[in-house]
Amino acid sequence: MLPLVLYDVICDLPGKNFSPNPAKSRFVLNYKDIPFVTIWVDYSEISIAMKSIVNTVPVLSDPNTGALITDSLKIASYLEKTYPEKPIFPNNSESLIHAFDSAYMSLIIPGFRPVFLRTAEALSPPNAKFFTEIRSKDIPLPWDAKDDKNWGLLEKGYNTAYEWYQKTDGKWVMGDTLSYADFVVAAQLLWYKRVLKEDEWARISSWNGGKWAQLLADVEKECKLV
Numbered sequence: 003m004l005p006l007v008l009y010d011v012i013c014d015l016p017g018k019n020f021s022p023n024p025a026k027s028r029f030v031l032n033y034k035d036i037p038f039v040t041i042w043v044d045y046s047e048i049s050i051a052m053k054s055i056v057n058t059v060p061v062l063s064d065p066n067t068g069a070l071i072t073d074s075l076k077i078a079s080y081l082e083k084t085y086p087e088k089p090i091f092p093n094n095s096e097s098l099i100h101a102f103d104s105a106y107m108s109l110i111i112p113g114f115r116p117v118f119l120r121t122a123e124a125l126s127p128p129n130a131k132f133f134t135e136i137r138s139k140d141i142p143l144p145w146d147a148k149d150d151k152n153w154g155l156l157e158k159g160y161n162t163a164y165e166w167y168q169k170t171d172g173k174w175v176m177g178d179t180l181s182y183a184d185f186v187v188a189a190q191l192l193w194y195k196r197v198l199k200e201d202e203w204a205r206i207s208s209w210n211g212g213k214w215a216q217l218l219a220d221v222e223k224e225c226k227l228v
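For the sequence shown, my numbering gives the first residue as 3, with consecutive numbering after it.
Treat the hints with care, as some may be off.
Here are the simulated SDA-like cross-link-like pairs (lysine to any residue), alpha carbons at most 25 Å apart as the crow flies [stated by the list, open to error]: (1) LYS76 x LEU217; (2) LYS151 x ARG120; (3) LYS213 x THR179; (4) LYS158 x ASN94; (5) LYS199 x PRO86; (6) LYS34 x ASN94; (7) LYS151 x TRP203; (8) LYS83 x THR67; (9) LYS83 x GLN216; (10) LYS199 x ASP149; (11) LYS148 x ALA204; (12) LYS158 x TRP174; (13) LYS76 x ILE110; (14) LYS34 x ASN19; (15) LYS158 x TYR106; (16) LYS223 x HIS100; (17) LYS223 x THR67; (18) LYS226 x SER108.
Per label pair, the in silico range of CB-to-CB distance [what the hints assert, rightly or not]: (19) GLU222 x LYS83: 22 to 28 Å; (20) LYS173 x LEU4: 30 to 36 Å; (21) PRO37 x LYS173: 25 to 31 Å.
For the record, the hints were derived by calculation from the structure and aren't laboratory data. Here the structure is a predicted model, which is why all the values come from computation and not from measurement. Quick reminder that beta carbons are idealized off the backbone N, C-alpha and C, glycines included.
Make a model of the complete structure from these sequences and hints.
So this is what it looks like as C-alpha cells:
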C-alpha cells in the first residue's frame, strides 16, 4: 500500500502543524493506521501549491485509488468508505456527526478572537497577512486576547458542549465509543494548545473540571500521537 499524502499548512511553531481542519484528517489517518506523508504549504500559497484546485486545506491525495479529496468532512467520509477498519462513524452515525460538527462550531466561533490573534502571531508575516485578510471576514477586527468578554464567549460555547458530553455514560460524545465527533472537538483544542500562550491554554484547560485538556489527551492516545 502506497502512503497517502496530506497537505497541511505550516507555522513557525515547533512541530509545524496547528490548523484544526487538517488535524481532523490527521487524527483519522493515525487512528485507522493508514500510512501517510505530509506536504507542508504556506498559508498564503495554498492555491499555488494545489495548482489552483482549491484555496484551503486539508487536501488528501490517495495514490492507491487516484482520489483527490478536499474538505475535512469529505476526507473523513472517503477514508471511512475506502478503509473501513476501525470505524469513525459507528452505527451509521455519519449524518448525525456532520450535524454535530456544524452545531459545535456554531457554539465556539463567536469566541475565536483571542485564538485568531495568537494564530496570526505564530505565522510568518506574509502568511499572517493572508490569514488576517481571510479570517477577518468571519470575525471582524480588532482581535484581542486580553478582553474577558471574548474568553467568556468561548467558555460559554464549551459549557454547552460539556452538557452534551454529560448526557452520555462514557468519556466520548457517543458514550464508550470513540467517533469522528470527538476528533472534531479535539482538533480545535489542539489548535488552542499550539498557538495560545501557556496561561491562556491553562485557562481553557481548567474549564468544566479539566474536561477539554483530558479529551485532547485521550484522543491523542487513541491516535498514537503520544
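Here's how the hints hold up against the structure:
1. LYS76 x LEU217: holds (24 Å)
2. LYS151 x ARG120: holds (17 Å)
3. LYS213 x THR179: holds (17 Å)
4. LYS158 x ASN94: Roughly 30 Å separates the two Cα atoms, so the pair is violated.
5. LYS199 x PRO86: violated (38 Å)
6. LYS34 x ASN94: holds (17 Å)
7. LYS151 x TRP203: Distance ~16 Å between LYS151 and TRP203 Cα, so the pair holds.
8. LYS83 x THR67: Holds, at roughly 12 Å.
9. LYS83 x GLN216: It is violated: about 30 Å lies between the C-alpha atoms, which goes past 25 Å.
10. LYS199 x ASP149: holds (15 Å)
11. LYS148 x ALA204: OK: LYS148 and ALA204 at ~15 Å, within 25 Å.
12. LYS158 x TRP174: Cα-Cα ~20 Å, so holds.
13. LYS76 x ILE110: This hinted pair holds, its Cα atoms lying about 22 Å apart.
14. LYS34 x ASN19: OK: LYS34 and ASN19 at ~20 Å, within 25 Å.
15. LYS158 x TYR106: holds (12 Å)
16. LYS223 x HIS100: Between LYS223 and HIS100 the Cα gap is close to 24 Å, so the pair holds against 25 Å.
17. LYS223 x THR67: Roughly 29 Å separates the two Cα atoms, so the pair is violated.
18. LYS226 x SER108: violated (29 Å)
19. GLU222 x LYS83: 22 to 28 Å: Since the Cβ atoms of GLU222 and LYS83 sit about 25 Å apart, the hinted range of 22 to 28 Å holds.
20. LYS173 x LEU4: 30 to 36 Å: This hint holds: roughly 35 Å between Cβ atoms.
21. PRO37 x LYS173: 25 to 31 Å: holds (28 Å)
The structure fails to meet hints 4, 5, 9, 17, 18 from the earlier list, while all remaining hints are met.
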